[in-house]
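Let chain P serve as the given structure and place chain U on it in line with the hints.
Protein chains in written order, with numbering that gives the first Met the number 0: chain P, 0 to 219; chain U, 0 to 172.
These aren't lab readings, by the way, just hints derived from the structure by calculation. Glycine residues also receive a C-beta, built at the ideal position from the N, C-alpha and C atoms. Among these hints, one or two may not hold up.
Pairwise CB distance ranges (calculated) [unchecked claim]:
1. P:2 - U:102: 14 to 20 Å
2. P:6 - U:103: 17 to 23 Å
3. P:27 - U:56: 49 to 55 Å
4. P:108 - U:156: 55 to 61 Å
Short, incomplete list of chain P residues facing chain U, as computed with Cβ under 8 Å [to be verified]:
5. 2
6. 5
7. 7
8. 8
9. 9
10. 12
11. 21
12. 22
13. 34
14. 49
15. 81
16. 85
17. 102
18. 208
Each chain, written out:
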Amino acid sequence: MTDLTLNRLRAANPFPAATAVDEDALFDRIVLAPADRRLARKPRSYRRPVLVLAAALVVGGVLASGAVSGWFSHIIAGPTVKAEYAAAQNLLTMPPGYSWPPLNWPRNSVTSSGAGGAFAVSLDQDAWECYWVDAIHSGDLDAEQRAQAALDDLMANHIVIAPAGAPEDYAPPQSAGTPTLAFADDGGYQYKQRMYAQAAAGKPQLLEQSCRANGPGSRR
Amino acid sequence: MTSDTDRRPAEERLREVFAHLGAVTAYARRRGSRDADGIAAEAMSIAWRRLADVPCDDPLPWLYATARNLLLAERRAASRTAAAGSEPSVPAPELHELDPQLDRALRSLCPADREALLLVAWEDLAPTQAARALGLKPTAFRVRLLRARRRLRAALDEERRPASLVQIDVEGT
Numbered sequence: 000m001t002d003l004t005l006n007r008l009r010a011a012n013p014f015p016a017a018t019a020v021d022e023d024a025l026f027d028r029i030v031l032a033p034a035d036r037r038l039a040r041k042p043r044s045y046r047r048p049v050l051v052l053a054a055a056l057v058v059g060g061v062l063a064s065g066a067v068s069g070w071f072s073h074i075i076a077g078p079t080v081k082a083e084y085a086a087a088q089n090l091l092t093m094p095p096g097y098s099w100p101p102l103n104w105p106r107n108s109v110t111s112s113g114a115g116g117a118f119a120v121s122l123d124q125d126a127w128e129c130y131w132v133d134a135i136h137s138g139d140l141d142a143e144q145r146a147q148a149a150l151d152d153l154m155a156n157h158i159v160i161a162p163a164g165a166p167e168d169y170a171p172p173q174s175a176g177t178p179t180l181a182f183a184d185d186g187g188y189q190y191k192q193r194m195y196a197q198a199a200a201g202k203p204q205l206l207e208q209s210c211r212a213n214g215p216g217s218r219r
Numbered sequence: 000m001t002s003d004t005d006r007r008p009a010e011e012r013l014r015e016v017f018a019h020l021g022a023v024t025a026y027a028r029r030r031g032s033r034d035a036d037g038i039a040a041e042a043m044s045i046a047w048r049r050l051a052d053v054p055c056d057d058p059l060p061w062l063y064a065t066a067r068n069l070l071l072a073e074r075r076a077a078s079r080t081a082a083a084g085s086e087p088s089v090p091a092p093e094l095h096e097l098d099p100q101l102d103r104a105l106r107s108l109c110p111a112d113r114e115a116l117l118l119v120a121w122e123d124l125a126p127t128q129a130a131r132a133l134g135l136k137p138t139a140f141r142v143r144l145l146r147a148r149r150r151l152r153a154a155l156d157e158e159r160r161p162a163s164l165v166q167i168d169v170e171g172t
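Bound-form chain U, shown alone:
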């Protein structure tokens, strides 16, 4: 990988991967990153360094998986900083733009269920792509997605219940 002739095919291949920069940035932003552009840029740098690992036909699931790992590292670093007291803990802006019912319903799901739903609904991945992004077999992913949909529906139904009923329940305990 020393001459321009050697690098050109690699650069062309990276161009194809790089076309997904906007999608990866939006993914990081939707998941609450404070530095979505930085996460996307780092995912692309990693793709360049590990280009042989990036699937030629469909790099997007690989990029989302890489971005998710970077997001987790960002969260860990933020919690360490907050724990050390050097910076006030700022809640992740994740899901802030949503209507409150949907926001609460999504937050009530476990992270694995929520990620399965969001990869399909927001990232517009096919189940097989989303399965690759999560390192799951397609069948396992479909089962997880089905359960996540049911749980989200149940949570939304719960949200729709009249507040007075909920209060009677609470007062009666």
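Bound conformation, chain P alone:
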């Protein structure tokens, strides 16, 4: 890369690699958020074929006994997920100017009961966060209060923290009637609370970040 043109371009580099922010404070703020869950997974260990065979026999025996017919009642497929999503829209309110996006859920894909409602709660929360950011930027105090009240209501009545050690497909017990989103017990719920408290106190940086990362625009 000894090209004179490139050398000229290199020499014209307008900014040095430097930042004016308090790096330690920024780092501490970032690691307050839940980390990538995939890092917590233990590496897969190789099991002896005999153990696998024994487990398969036990499972086969239990299934054959018919004793587990009720165990899978919490598994739902595409149409039920969509029905839950539609029902949740009657119980949740989108902010002015926002609408419910269509839910594309493959018919042959299954999930836990309540997932449609949880998905709606998540979308609603993202939309209200972005509505709040817009309200702050435009100085609309009424809209800011509406957004804060809506998010408080979601946090209090539609979002719960899963018990410590709960499985990934944990479904909250009240999800049958009320659309409910379960946060893992990893500090994510408390992070949202801090985010809203800071935004209400005039520091919307975390809220803006969340809107940029999760808001309706980020899903396009």
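Below, chain U without anything else, positioned relative to chain P:
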């Protein structure tokens, strides 16, 4: 990821990624961001949330790719705001500090060519790293870089032509 012992390795890994904060900030500033610090901070937050996707050996191309996506989102939001008339359209400060000839020559390139050149010349990436940042195969990137260099050279040569000649051409049409 619930206890301190679980989080510590992840935090150590983020520390390594975080060492590039200054480089990402400078990248965003050179590309004309109005909030370069914010873009860099958001890129780091995304790195934390998707740490398993960030290459351990060389996170910089991944960070530049993430920052570029955030810059594009920032530009889209700015054009929407400008179109809505709520704020006057402010031209991106990109390349303002350059000498006028180089500025015009760079602006005459297509964005893909310009980005290929700047990743190598300003971000000091090796072609293989720059290829990763752009999601290209190294061979495809080298071809793009070669063409971009030729086009920039041609544009600079054009700039060097005496103004009177250009005017005669224009007047003669």
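Output the numbers, in ascending order, of every earlier hint that fails for this structure.
-> 3, 11, 14, 15, 16 and 17
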